[in-house]
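Asks: What follows is each chain in one-letter form.
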Amino acid sequence: MEGGREHDLIYDEITGTVLKFTKPTQAAYIVDFYEGKPILSLGDPVEYLDRLITHNEVFGQFTSFVGIGGQRYHRRIITRQPRVVGCQASWEEIIRLMVDDLGFTKLRSNYGIGYEESYGFIRDDVAVFDLRPANLFMTHSGLLVAVDSIPVRLNKATRAAFST
Amino acid sequence: MSRSEINRQKTRDYQNRVAIVLSSMPPMTSNEFYAQMAKSMGVKSISIVPNSSGSSKAKRFV
Chain X
12 MEGGREHDLI YDEITGTVLK FTKPTQAAYI VDFYEGKPIL SLGDPVEYLD RLITHNEVFG
72 QFTSFVGIGG QRYHRRIITR QPRVVGCQAS WEEIIRLMVD DLGFTKLRSN YGIGYEESYG
132 FIRDDVAVFD LRPANLFMTH SGLLVAVDSI PVRLNKATRA AFST
Chain B
1491 MSRSEINRQK TRDYQNRVAI VLSSMPPMTS NEFYAQMAKS MGVKSISIVP NSSGSSKAKR
1551 FV
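Top line first, the protein sequences correspond to chains X and B.
Residues in the first sequence are numbered consecutively from 12, following the numbering used here.
Residues in the second sequence are numbered consecutively from 1491, following the numbering used here.
In short, the hints are calculated from the structure, not lab data.
Honestly, I wouldn't trust all of these hints.
DSS-like mimics (lysine-lysine), calculated; alpha carbons at most 27 Å apart, straight line [said to hold, decoys possible]:
id: 1; chain 1: X; residue 1: Lys48; chain 2: X; residue 2: Lys117
id: 2; chain 1: B; residue 1: Lys1500; chain 2: X; residue 2: Lys34
id: 3; chain 1: X; residue 1: Lys34; chain 2: B; residue 2: Lys1529
id: 4; chain 1: B; residue 1: Lys1500; chain 2: X; residue 2: Lys117
id: 5; chain 1: B; residue 1: Lys1500; chain 2: X; residue 2: Lys167
id: 6; chain 1: X; residue 1: Lys167; chain 2: X; residue 2: Lys117
id: 7; chain 1: X; residue 1: Lys167; chain 2: X; residue 2: Lys48
Here are the in silico distance ranges between beta carbons for each label pair [to be verified]:
id: 8; chain 1: B; residue 1: Ser1513; chain 2: X; residue 2: Arg170; range: 50 to 56 Å
id: 9; chain 1: X; residue 1: Glu46; chain 2: B; residue 2: Glu1522; range: 26 to 32 Å
id: 10; chain 1: X; residue 1: Thr116; chain 2: B; residue 2: Ser1513; range: 19 to 25 Å
id: 11; chain 1: X; residue 1: Gly15; chain 2: B; residue 2: Gln1499; range: 45 to 51 Å
id: 12; chain 1: X; residue 1: Ser120; chain 2: B; residue 2: Ser1513; range: 36 to 42 Å
For glycine and all other residues, C-beta sits at the position ideal for the given N, C-alpha and C.
Kindly generate the complete structure, drawing on both the sequences and the hints.
Replies: Structure follows, in structure tokens:
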């Protein structure tokens, strides 16, 4: 089935997990830098996998790599996530998670990375973008779980591109 | 403890809580999953319809 701009999704009721397929011939989006400024860019497969690893490092190791599928000239990268039962997070809850619970600082701008209204955050050597209610679920236990984001690792030079 | 170490500890604590919560998630049927997804996408419903070949299923967003 169609999901968002980057993935198609299938819910596997038997295992209670979600299979995520990148759009055919694409590897979603990543954060790149052009003339010192952050930009949203189409990722290549390795960059996409690095994005998933970075997301896991921030939000928990629950997205796993399944394999490569699709048709011969329209390959897709397939990953699996557990089901998350809950409701959409609010913007305030997203800020609370990122700032109070995880020690990030909210960026003034999302630099055009992710959906228009989405938030970006920075901490030490990582920035995380595309945080918005559709990407985080408030579970019944009151814990927010992030099912998707566009994170990027930073070095001294690229970190300087962001202002808080 | 440095700020970076505090942040790492906060992250570990959060991730441990996530692991516990995910391991105890209640079961979810396909209908419940797609209803939750429709809500998060801001559409009224997602229904199953045959695709053009009739061999498999696609989802329709309403």
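Asks: Against this structure, judge whether each hint is valid.
Replies: Hint by hint, here is what the structure shows:
Between the alpha carbons of Lys48 (chain X) and Lys117 (chain X) the distance comes to roughly 18 Å, so the proposed pair stays at or under 27 Å and holds. With a C-alpha separation of about 34 Å, the suggested pair Lys1500 (chain B) and Lys34 (chain X) falls outside the 27 Å cut-off, and the hint is violated. The straight-line distance between the Cα atoms of Lys34 (chain X) and Lys1529 (chain B) is roughly 22 Å, inside the 27 Å bound, and the hint therefore holds. The hinted pair formed by Lys1500 (chain B) and Lys117 (chain X) meets the criterion: a straight-line CA distance of about 17 Å does not exceed 27 Å.
A threshold of 27 Å between alpha carbons decides the hint, and for Lys1500 (chain B) with Lys167 (chain X) the separation of about 23 Å falls inside it, so the pair holds. As the CA atoms of Lys167 (chain X) and Lys117 (chain X) are separated by approximately 18 Å, the hinted pair is consistent with the 27 Å bound. Using a Cα cut-off of 27 Å, the hinted pair Lys167 (chain X) and Lys48 (chain X) holds, with the two alpha carbons roughly 13 Å apart. In this structure, Ser1513 (chain B) and Arg170 (chain X) break the distance hint of 50 to 56 Å, their C-beta atoms being roughly 35 Å apart.
Hint check: Glu46 (chain X) to Glu1522 (chain B), Cβ distance near 47 Å, so the stated range 26 to 32 Å is violated. Look at Thr116 (chain X) against Ser1513 (chain B): about 31 Å separates their beta carbons, and that is not inside 19 to 25 Å. The given range of 45 to 51 Å is broken by Gly15 (chain X) and Gln1499 (chain B), whose C-beta atoms sit roughly 33 Å from each other. The supplied range of 36 to 42 Å is met by Ser120 (chain X) and Ser1513 (chain B), whose beta-carbon atoms lie about 37 Å from each other.
Hints 2, 8, 9, 10, 11, counting from the list given before, are not met by this structure.
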